[in-house]
Amino acid sequence: TGIGVAVPLTQTPTTQPTNLTSSSPNMIISFFRDISLNPAAFNDWTSPEYRAATWMANHPDFIFERLSQNRRLVRYALATLYYSTGGENWTKQKNWLNYTANECDWEQDMVNNQCRGPYNTLWLLTLEDYGLNGTLPADIGLLTDIEWLELPSNQIHGTIPSELGLVSKMQLLSFGNNSLTGTIPNEFGNFASCLVLDLPNNLMEGSLPSSLEKLKLLTHFHLHNNGFSWNLPTQFGRFTDLKSLLVEDSGLEGTLMTEIGKLVALEKLQVSNNPKFGGTFATELGKLQKLSSLDVSNCGFDGSLPTEIGSMTSMEELFLKDAKISGELPSEMGLLTHLNILHLEENILLSGTIPTEFGQLTAMEELDMAGCNFGSTLPSEIGRMTRLTSLRLNNNSLSGTIPREILLLANTTLHTFEYYGNNFLSR
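Throughout, this note's numbering is defined as the position within the sequence shown, counted from one, plus 5.
It is worth saying that the hints were derived from the structure and are not from the lab.
Accuracy of the hints is not assured; some may be wrong.
To be verified - Estimated spans, in silico, between C-beta atoms of each pair: (1) T367 with D110: 49 to 59 Å; (2) D307 with D110: 57 to 67 Å; (3) T140 with K221: 23 to 33 Å; (4) T358 with N416: 21 to 31 Å; (5) A415 with S331: 22 to 32 Å; (6) S212 with D110: 33 to 43 Å; (7) N191 with N48: 19 to 29 Å; (8) T382 with N416: 19 to 29 Å; (9) L413 with T188: 51 to 61 Å; (10) T418 with D110: 52 to 62 Å.
Claimed, not checked - Cross-link-like lysine-lysine pairs, in silico, DSS-like; alpha carbons within 27 Å at most: (11) K292 with K273; (12) K221 with K174; (13) K248 with K326.
Every residue gets a Cβ at the ideal spot worked out from N, C-alpha and C, and that includes glycine.
Model the full assembly from the supplied sequences, consistent with the hints where possible.
Put into structure tokens, the structure is as follows:
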């Protein structure tokens with residue numbers, strides 16, 4: 006791939022970047038030290054920055070001279086990322102650090118053209134599951150034309166460099182499924198055009214910077230499975246284009262702000278496994294008429310479900326396991342006619358009767374009400390759920406007989422039917 010050997014730096018660098026044409030290797034290395042966002046790294050010949058500059062210095066003259074200043078910076082920044090994340094051992098590398106190949110052709114598996122425009126500018130970089138193992142270099146911030154940066158499912162560790170905030174054109178940033186630590190840089194507030202911020206399944210912690218409130222164009226905000234300590238700020242109500250808010254098991258605390266009702270484009274909301282998050286259910290949830298999936302399992306809510314839940318008519322999946330719900334189920338839940346999965350299990354304070362309106366939920370495939378405190382008899386209307394494959398009623402206070410309509414389901418569509426721990430007279 007044309008990887009060169011280190012060239013000792015013996016010449017004092019200029020105070021301003023040199024406009025290089027035909028230059029010695031030392032002058033080229035000095036040039037990159039001057040523009041580097043981590044110039045101290047050039048004191049170490051083994052650093053990714055120094056190795057990347059050395060690789061640039063070893064370009065054949067006829068190639069280096071015809072590179073524009075911007076392309077020199079891009080090739081240097083990409084080389085720094087390569088060395089910083091063990092590029093020699095990447096599992097999918099193609100033409101990386103190939104002197105004769107355009108950097109736009111280093112990745113041959115790209116579905117989309119990663120360079121565009123009259124100057125063939127690099128705007129997209131996707132290295133998912135490439136075996137990147139190391140830290141992100143500060144000089145990644147030199148890729149100022151990048152709009153989509155995807156590095157998920159690797160072994161990247163350490164903190165996210167604040168210099169990444171210099172990439173102000175960022176529209177999609179995906180670093181999920183790595184081992185990143187530290188906090189989200191305050192400089193992420195510079196991503197005014199950002200649509201997708203995807204950082205799940207890392208080891209990040211601390212509070213969220215208030216600068217994120219500037220990302221008013223966000224459509225996807227994913228922080229799940231991290232160790233943050235944060236609250237949903239009321240300013241999130243400005244994210245009126247937000248479609249997906251996935252923050253389960255992220256250290257979320259506090260309550261569900263009433264401004265949630267302003268997120269009218271929201272389709273998926275997952276806040277489960279945040280035991281310090283809860284309070285009462287905001288009635289404004291009923292305004293989220295595009296919401297198709299809601300998961301508040303294993304949170305600390307109190308009180309009953311609001312009747313406004315019946316207005317969420319696009320709902321297909323509703324997960325309320327051990328959400329600390331109490332009281333009775335509102336009959337308005339029968340209006341959720343697109344609902345195919347409903348989990349209510351382990352809400353021991355959830356009592357009263359099972360609404361007969363559940364018979365209107367004919368799209369239901371999975372219904373779990375185990376470990377609650379439902380009483381009285383089992384409504385025969387459940388037998389109208391002709392798509393039902395799983396019904397769990399165990400460990401409640403149900404009595405009487407199991408309706409014939411439900412027994413017919415048990416002989417046809419039902420694969421799982423659990424009803425032990427009740428007071429039924431017979432099956």
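Inset, instruction - Go through the numbered hints given earlier and state which of them the structure violates, listing their numbers in rising order. - result: none
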